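Asks: Please build the complete structure, drawing on both the sequences and the hints.
Taken in order, these protein sequences are the chains called A and B. The first sequence begins at 4 in my numbering and counts up one residue at a time. The second sequence begins at 541 in my numbering and counts up one residue at a time.
Since the hints were derived computationally from the structure, they do not count as laboratory data. Keep in mind that a hint or two might mislead.
Pairwise CB distance ranges, derived in the manner of DEER restraints [unchecked claim]: (1) A:ALA178 <-> B:ASP584: 22 to 30 Å; (2) B:VAL595 <-> A:THR193: 54 to 62 Å; (3) A:ALA14 <-> B:VAL829: 47 to 55 Å.
Calculated Cβ distances over 10 Å to all of chain A for the following chain B residues [stated by the list, open to error]: (4) GLN575; (5) ARG590; (6) LEU593; (7) ALA603; (8) TRP605; (9) GLY636; (10) GLY666; (11) ALA675; (12) GLY682; (13) LEU692; (14) SER737; (15) LEU741; (16) ASP763.
Covered stretches of chain A, going by a simulated chain B footprint (3 or more residues, C-beta under 8 Å) [to be verified]: (17) 84-98; (18) 102-110; (19) 158-166.
The structure presented is a predicted model; accordingly, all values stated were derived computationally and were not measured. All residues carry an ideal CB built from backbone N, CA and C; glycine is no exception.
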Amino acid sequence: MNAVAMTPEVAPRGLHVAGLVKDYRVRRASRRALDGVDLHVDPGEFVAIVGASGCGKSTLLRVVAGLEEPSAGAVDIDGDAILGPGPDRGMVFQSYTLFPWRTVAENVAFGLECSSMPRKQRKARVEELLGIVGLAAYAKSLPNELSGGMRQRVAIARALAPSPDILLLDEPFGALDAQTRRSMQEFLHTVWRRTESTILFVTHDIDEALYLGQRVYVLASHPGRVRTVIEVPFGASRGPAVKRDPRFLDLRDEIEDLLDSADG
Amino acid sequence: MTTTAADPVADAGATRIGDPARRTRRPRRGRGRKQHALFRLRGDIPLSLRIALGVLGVAAVFALWWVAATAWSGGSFLVPTPTETWDAGVELYRSGTLWTDFEASAERILWGYAISMGVGVVVGVGIGSFRSFEAASEASIGFLRYIPATALTPLFLIWLGIDEAPKIALIVVGTVFFNILMTADVVRSVPLDMINSAYTLGAGRLRVLRKVVLPHSWPGIVDVARINLAAAWLMLVVAELSAGAQEGLGFRLARAQRFYQVDTMFAILIVFGVIGVSTDLGLRWLRNVTAKWARP
Numbered sequence: 004m005n006a007v008a009m010t011p012e013v014a015p016r017g018l019h020v021a022g023l024v025k026d027y028r029v030r031r032a033s034r035r036a037l038d039g040v041d042l043h044v045d046p047g048e049f050v051a052i053v054g055a056s057g058c059g060k061s062t063l064l065r066v067v068a069g070l071e072e073p074s075a076g077a078v079d080i081d082g083d084a085i086l087g088p089g090p091d092r093g094m095v096f097q098s099y100t101l102f103p104w105r106t107v108a109e110n111v112a113f114g115l116e117c118s119s120m121p122r123k124q125r126k127a128r129v130e131e132l133l134g135i136v137g138l139a140a141y142a143k144s145l146p147n148e149l150s151g152g153m154r155q156r157v158a159i160a161r162a163l164a165p166s167p168d169i170l171l172l173d174e175p176f177g178a179l180d181a182q183t184r185r186s187m188q189e190f191l192h193t194v195w196r197r198t199e200s201t202i203l204f205v206t207h208d209i210d211e212a213l214y215l216g217q218r219v220y221v222l223a224s225h226p227g228r229v230r231t232v233i234e235v236p237f238g239a240s241r242g243p244a245v246k247r248d249p250r251f252l253d254l255r256d257e258i259e260d261l262l263d264s265a266d267g
Numbered sequence: 541m542t543t544t545a546a547d548p549v550a551d552a553g554a555t556r557i558g559d560p561a562r563r564t565r566r567p568r569r570g571r572g573r574k575q576h577a578l579f580r581l582r583g584d585i586p587l588s589l590r591i592a593l594g595v596l597g598v599a600a601v602f603a604l605w606w607v608a609a610t611a612w613s614g615g616s617f618l619v620p621t622p623t624e625t626w627d628a629g630v631e632l633y634r635s636g637t638l639w640t641d642f643e644a645s646a647e648r649i650l651w652g653y654a655i656s657m658g659v660g661v662v663v664g665v666g667i668g669s670f671r672s673f674e675a676a677s678e679a680s681i682g683f684l685r686y687i688p689a690t691a692l693t694p695l696f697l698i699w700l701g702i703d704e705a706p707k708i709a710l711i712v713v714g715t716v717f718f719n720i721l722m723t724a725d726v727v728r729s730v731p732l733d734m735i736n737s738a739y740t741l742g743a744g745r746l747r748v749l750r751k752v753v754l755p756h757s758w759p760g761i762v763d764v765a766r767i768n769l770a771a772a773w774l775m776l777v778v779a780e781l782s783a784g785a786q787e788g789l790g791f792r793l794a795r796a797q798r799f800y801q802v803d804t805m806f807a808i809l810i811v812f813g814v815i816g817v818s819t820d821l822g823l824r825w826l827r828n829v830t831a832k833w834a835r836p
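Replies: Okay, here's the thing in structure tokens:
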């Protein structure tokens, strides 16, 4: 065998979005939601997308999830094109999407049932995940009995259960009050560190994006396009104190100005 | 004593706003309009009052009935009193016809409504889930449901004879379109992101239907069955009156009319009401037991 055959073309690892365009038809007219978005997420990275509402950031996430087809451009993970939704790309939505007739444990088990994991293994995996999200005591509760923050923790555990290559979070804390939101940010940061997951996180909250993301894509609206990419200068282990760091505040102002000018 | 003496001093600053000397002297006029507890739009009332009003409502109906029976018809047979009706009902029960009539009618309802719900759920889930299914059937169902089901009676008599078949067919035709359209509505109310969540967890379409759409729709479907059951009884009576029945509650009603037994007719009407209320409560119970999560 020769050496050339031994080394096939190695596809780049991680999520790659190149020249993504998404058009919608609204009453015969075509509206461009995304206009040539380039983006990448390396394995193990936490990437945040921030933008005003209506900038197409949710659309971008849905295209990656396989829930919508791109009009043009390429989206692939580890070199594979995305044809439809699958358990390799777990997603958490802003609205509460837990199955209300299933207990917390049964909700987390849903994805594992889909992959026909044996019952014993499934039980262990559910227990492990409920431990990670700190809801072991609520395994037998119904979603209606939980607070908004707890429900989103379950949703995150459910999405993590099938060990996805990437976790897509679409404003998961958008419906929560400010205090809960802050504690959920802490929580998500801890979960990311513990599970070493790859996360693509969409938000309209600049602080949230900067606090959680290692890299932040700032999206401009109408049509949605990448305005700037910011490499956040804080390490993976960071506490809430970071939010008072002068560099954090500078970046915050910078993004705010960008979003204001982009919309004006 | 020192503690009480200190109090007025401590309070002096705090009570200044409420100081009587500072109060304006104009006559006290209220702001807004006080509403009586009984007549607040959608306002809640105490449980005891609710029960009392409920009992009062039923009593009022009985009182009206009694007045009508004694005063208006002057004691004639046209409007029987509640006691006469009760006696007629007991007589029906003793003679055994009440049971055989109930059985005959219930069997028709059971068959007809089972078929109607079966078709309603299958087609309704199809229409509610798939736009293609909806587009293909929308026009036909929209047209068919406006044909009065009772108008099909003569046709069914020619096609199906005068046996059980035309009666069951009438019940099916009279309820199936309601069941289809209302089931489709229930299915459409499954949140799209809940379905999308299932997809991103690795579920295929069939699994999403079985494990997400159906469980989410179940309590709504039971409600659809409960609400449209009234229409099934309506169609049953029409069928028994016009499609040549030999037994059944509707048939018994027509027969009592032929002999001017108004008290028997009243008794049968009340039997219809009792059956209706019982099945309604039964189906409510079923929904609450099988879908605890959806309890109001």
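Asks: With reference to the structure, classify each hint as holding or not holding.
Replies: Going down the list of hints, with the structure as the test:
no.: 1; hint: A:ALA178 <-> B:ASP584: 22 to 30 Å; verdict: holds (27 Å)
no.: 2; hint: B:VAL595 <-> A:THR193: 54 to 62 Å; verdict: holds (59 Å)
no.: 3; hint: A:ALA14 <-> B:VAL829: 47 to 55 Å; verdict: holds (53 Å)
no.: 4; hint: GLN575; verdict: holds (32 Å)
no.: 5; hint: ARG590; verdict: holds (25 Å)
no.: 6; hint: LEU593; verdict: holds (31 Å)
no.: 7; hint: ALA603; verdict: holds (44 Å)
no.: 8; hint: TRP605; verdict: holds (44 Å)
no.: 9; hint: GLY636; verdict: holds (45 Å)
no.: 10; hint: GLY666; verdict: holds (22 Å)
no.: 11; hint: ALA675; verdict: holds (17 Å)
no.: 12; hint: GLY682; verdict: holds (24 Å)
no.: 13; hint: LEU692; verdict: holds (39 Å)
no.: 14; hint: SER737; verdict: violated (4 Å)
no.: 15; hint: LEU741; verdict: violated (4 Å)
no.: 16; hint: ASP763; verdict: holds (16 Å)
no.: 17; hint: 84-98; verdict: holds (count 9)
no.: 18; hint: 102-110; verdict: holds (count 3)
no.: 19; hint: 158-166; verdict: holds (count 5)
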